[in-house]
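In the working numbering, the protein residues as written are 1074 to 1685.
FYI, nobody ran anything at the bench for these hints, they're computed from the structure.
Ideal Cβ placement from N, Cα and C applies to all residues, glycine included.
A hint or two may mislead.
[As the list claims (entries may be wrong)] EDC-like cross-link-like pairs, simulated, lysine to aspartate or glutamate; straight-line CA separation at most 16 Å:
| no. | residue 1 | residue 2 |
| --- | --- | --- |
| 1 | K1657 | D1631 |
| 2 | K1238 | D1386 |
| 3 | K1623 | D1581 |
| 4 | K1623 | D1569 |
| 5 | K1405 | D1441 |
| 6 | K1220 | D1262 |
| 7 | K1515 | E1558 |
| 8 | K1657 | E1558 |
| 9 | K1623 | D1566 |
| 10 | K1657 | E1641 |
| 11 | K1657 | E1668 |
| 12 | K1238 | E1259 |
| 13 | K1340 | D1236 |
| 14 | K1220 | D1236 |
| 15 | K1230 | D1211 |
| 16 | K1405 | E1434 |
| 17 | K1657 | E1667 |
| 18 | K1238 | D1203 |
| 19 | K1230 | E1259 |
| 20 | K1657 | D1620 |
| 21 | K1379 | D1203 |
| 22 | K1230 | D1203 |
| 23 | K1238 | E1384 |
| 24 | K1238 | E1201 |
[Said to hold, decoys possible] FRET-style restraints, in silico, Cβ to Cβ:
| no. | residue 1 | residue 2 | range |
| --- | --- | --- | --- |
| 25 | R1235 | A1624 | 50 to 58 Å |
| 26 | G1204 | P1662 | 42 to 50 Å |
| 27 | A1593 | E1231 | 49 to 57 Å |
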Amino acid sequence: MFINSPSAICLESWNDRSRSRAKVILRDFTLIRGRMAWSEANPKRPATLVLKLSPRWSLSIGIPRGRLLFPERSKLPTGESDPRPSRIKTNYSRSCPSKTSQTLPQQEQSTSTAQDHLVMSLSALPTELDGRIISFLDTTALNALSKVSKYYHKQAKEYLYRDLKFTTHHSVAIKRLARTILSRRELADYIHSVSLTYKKEDDQRQPDLQDQFEIKPVDIWKAIATIECPVPELMSICSLNLEHSGMEVDGCLAAILLLATNLTTIKWTSEVKKTGFALLTFRFLHMSQMWLSMSEDGPWTLPFSKLQHLEIDGVIEHKVVDRVPVHATLRKLAIRNSTLSNLLLPYEEPRTTILPLRTLEIQDCFLDPAKLETAILSGVMRNISHLSIEWNPYHKIHKHYNNQRLVTAMGTYLPNLETLRWLSNQSGLDGSAIRTLHPLQKLRVLDFDHVLPMAPCPTPAQALDFLANAPAFFPPSLQSLHFHEVWTWEFNDKVDPLLRGDTGAGADAAFAYVMPILSALGLRELSMTMCMQGPPGEDDIRSDFSDEGKALLRRIADALGAVGTRFEVFRGPVVLEGVEQARKLWIGPGFTTEELWLRERDIEEDLWDDIQ
């Protein structure tokens, strides 16, 4: 018998002592195969349930003979005489269509219900398998499962407190959790990840909380005082006027984070410029850096001593904090939409310890490139393998900064760099800057802006000379190369002279010149995102590909695709003045697509989101 497309896994338990039953339902999964019969030739061979619980993970359960029952009317045992273990039983249920019911033996069909249940005991499964099944339950199901028995209470609470997600309008939930952790300190050890979002509309909100959810500052003070090192910043936060509900919530959140010594991930998103929580968190990170540098002996039990992942998304007032702490244990640091201008390294001169930081993401920020260069030159960031830099378009500091200095520092002091992404609306990287990356023997992905020379080529013979030394520009380990914001007029200025027949060249000559250069790079992916911006001083003029240029790009894409290199060119739409429509162009191996693109302001917001 085969069971297909179940709708849920139900965990049901009968407690003989309290005469009560608890049920937990695991939904949103697919049973890709379920064999519920045993071979008569080999009675000892177990049946097998194969559950697909996620697109990449499936679960196989072997069920010994005699463990699986299929009751006639889908009733679970409720009496003490039940021969099966009463600790907990698993109920695999599905909606049973009529045609499926006809395939079952007559004595096994249910005539009084639309649900058929397959019942087996989870006590026969190993503890590791219990943990995997439980890890897919949501918060409500975990809470119900924790009340089944002491065994499942212990299994469930590890996942129930592992990942915490809050927004500032969850004031009651935050205070309730703080009260629970202050009374049961061992629960803080299960917290591994905290995600907090400050909503702008909640900044001035004064929720009417019941007295039973109120947390007094003295309670937080007493709890934090038990930490090995003093926290004056926290005590100052707790001493503020707690009549403001936001500050009271900040104190509760601070207590949760500082007591969770196994915390590995903090994700902080804010639409509010000034929050007491931000002040506390960042200043305390500064202090913990000093403590970690001094505590070389013994296990680390300090707050944030195991922090590996820090994400900061939001504007923070400079009076609150002006530097991003690069914690001594961080492996990933992401800074987005932030006005923070400097990185605070955990070590003073001389720096002899190398940070374990592997990923650094700077997106839409005002970080000072000169200070970032100083941090890289210090040598403590040599383990970085993924670096993404996307400057804020209104950032004025780096307009007068020579980007080649920063790129040179990367090529010298980041030997383990594998992925580099450099996007800027104001200044990109030219050939001389890219050449300094050649020593990076592990670099596999390079994604950057503005690479073509700005000066026009006077003669056709010099049209593509800048490509002649392209293999010497890039490291031999490079596999993916992506050009962004390449102006179409620049491309035409370099290519059109070779394509014009009056110069004696033509499409065949241009193709014969370009192909050996691109093939010598040995790339797996090569792409260009073009911009129709006109030449300097002629911003009102838009430039597009000529028909010959489109044909050449398509020919190159087909030829590179035949040797295993995917070459694509995308030109996004630019709406001209007085024109309500634009077209996007996409060229790749085997296709040339030019489609109509609508203006965002002319269509509904929901439809625009679907189009994007």
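- Violating hint indices (sorted, rising): Violated: hints 1, 5, 6, 7, 12, 14, 18, 21, 24.
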